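Q: Spelled out from the first residue to the last, the chains are:
Number of protein chains: 2
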Amino acid sequence: MRKVFQAELHQIGEGLVEISALVGVAIEKSTAAFASVDLQGAEEVIAADARIDFLQNDLDERAIDVLALQGPVASDLRMIVGALRMSASLERMGDLARHISQLTRLRFPNPVVPQSLTDTFAELARLDILIAAKVAELLDSRDLELVTDILAAKGAINKIHKTVFSAMAAPDWAETAATTVDVTLASRYFERFGDHGVSVARKVSYLVTGEWQPEDFLAG
Amino acid sequence: MRKVFQAELHQIGEGLVEISALVGVAIEKSTAAFASVDLQGAEEVIAADARIDFLQNDLDERAIDVLALQGPVASDLRMIVGALRMSASLERMGDLARHISQLTRLRFPNPVVPQSLTDTFAELARLDILIAAKVAELLDSRDLELVTDILAAKGAINKIHKTVFSAMAAPDWAETAATTVDVTLASRYFERFGDHGVSVARKVSYLVTGEWQPEDFLAG
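Note that the protein sequences, when read in sequence, are chains A and X.
Heads up: the first sequence runs through residues 1 to 220, numbered per the UniProt record's numbering.
Heads up: the second sequence runs through residues 1 to 220, numbered per the UniProt record's numbering.
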């Protein structure tokens with residue numbers, strides 16, 4: 001019984017790793033399509049998101065079955081409930097990668113952001129891709145040093161996110177209102193993606209150490 | 001044992017009703033402060049959000065304890081896992097009410113949205129308040145007719161949300177970029193608030209009927 005249970009727990013862990021890998025692919029393709037104004041790439045990200053949603057539902061069903069059939073206690077139980085939370089965050093990251101591609105599709109053949117912000121969004125993309133990769137690695141290895149990297153990347157995103165808003169508020173911002181709307185949404189999508197990555201990292205950290213990382217862990 | 005368990009399940013249900021009531025107060029006060037440019041009111045909403053976060057954590061801990069100590073099966077188990085999901089949605093609604101008040105505070109003593117959109121945002125506020133009230137009632141009564149009202153209100157929000165974006169893309173939109181950014185964020189916060197309300201409604205509906213409402217239930 002215990003052996004079956006351990007195998008099922010392991011499968012749930014594997015499921016999270018699998019979803020996080022797909023999220024990594026999604027954000028890489030989505031930000032590449034965003035940067036290169038690639039309609040085909042954007043469409044692929046949008047279509048592929050259904051697979052992430054399916055895997056999340058599937059993982060959640062399996063987790064609930066394990067809860068029902070095995071009646072796990074203490075740390076195993078927290079791990080399963082944590083998996084339900086993490087799968088929700090990963091699913092949301094997939095949604096945000098899709099939202100970025102939907103902006104690319106909406107504005108095609110024009111780029112979503114003006115040239116003055118191309119480098120800024122390339123840096124946001126690099127950081128989101130890094131967060132997705134580190135989250136996938138963290139779910140696989142449970143190496144908590146990765147949490148520090150993820151928090152540092154999110155700190156950098158927060159700073160850039162603010163500079164984007166400052167750029168739009170500056171007197172020399174001469175873009176149309178439609179572009180301002182798009183930049184606002186895009187910057188928020190990139191920022192939220194990283195934020196959900198941080199949620200997953202904090203949850204893994206909690207499950208490994210038993211100590212909750214305070215929100216202001218990010219302040220530094 | 002069974003009696004204790006039923007009492008604990010009932011308490012979890014009561015906890016959700018309590019949180020949803022606070023979310024209702026938060027969105028009412030937040031949208032009132034937003035409309036009347038009331039810094040004091042906005043500060044109160046921002047300060048009060050910590051209570052919602054606390055109650056969510058508390059409810060989650062109790063739900064996990066019930067899972068650990070009682071090892072519930074089948075429908076009870078789904079109800080508890082559903083409660084964990086609903087508490088997350090309610091907590092997020094509280095965050096969004098807070099975000100709206102943070103915009104009010106940021107722009108004080110100026111209003112966040114231009115006069116041309118005052119009525120539009122008043123209508124979004126009315127619909128969000130309605131959704132919060134119906135969600136609280138639904139959690140208490142499980143009367144699924146309320147789900148229909150919630151979905152209808154969200155459908156109305158979606159339409160208005162689109163008209164806000166159309167207004168900003170129109171040639172006669174003469175607001176500053178900073179205002180365009182604020183309107184974009186505000187409209188999204190109002191829309192997301194309603195969306196999380198729909199998530200709770202769909203979850204209650206699922207727990208009562210055992211049938212998942214498809215996403216496109218909203219299409220009508």
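These aren't lab readings, by the way, just hints derived from the structure by calculation.
Any given hint could turn out to be false.
[Claimed, not checked] Cross-link-like lysine-lysine pairs, in silico, BS3-like; alpha carbons within 30 Å at most: (1) 29/A - 162/X; (2) 162/A - 3/X; (3) 162/X - 162/A; (4) 29/X - 159/X.
[Claimed, not checked] Listed next, with one range per pair, are the computed distances between beta-carbon atoms: (5) 50/X - 110/A: 18 to 28 Å; (6) 144/A - 21/X: 23 to 33 Å; (7) 53/X - 152/A: 23 to 33 Å; (8) 172/X - 43/A: 29 to 39 Å; (9) 74/X - 43/A: 35 to 45 Å; (10) 43/A - 110/X: 33 to 43 Å.
Since the model is a prediction, treat every value here as computed from it, not as a measurement.
We treat Cβ as the ideally placed atom computed from N, Cα and C, and that holds for glycine.
Q: Indicate, hint by hint, whether the structure satisfies it.
A: Going down the list of hints, with the structure as the test:
1. 29/A - 162/X: Holds, because 27 Å separates the two Cα atoms, which is no more than 30 Å.
2. 162/A - 3/X: 53 Å, violated
3. 162/X - 162/A: 26 Å, holds
4. 29/X - 159/X: 24 Å, holds
5. 50/X - 110/A: 18 to 28 Å: 43 Å, violated
6. 144/A - 21/X: 23 to 33 Å: 39 Å, violated
7. 53/X - 152/A: 23 to 33 Å: For residue 53/X and residue 152/A the Cβ distance comes to about 25 Å; the hint holds.
8. 172/X - 43/A: 29 to 39 Å: The hinted range 29 to 39 Å holds for residue 172/X and residue 43/A, with Cβ atoms some 33 Å apart.
9. 74/X - 43/A: 35 to 45 Å: 41 Å, holds
10. 43/A - 110/X: 33 to 43 Å: 41 Å, holds
In this structure, the earlier hints numbered 2, 5 and 6 are contradicted, and the remaining ones agree with it.
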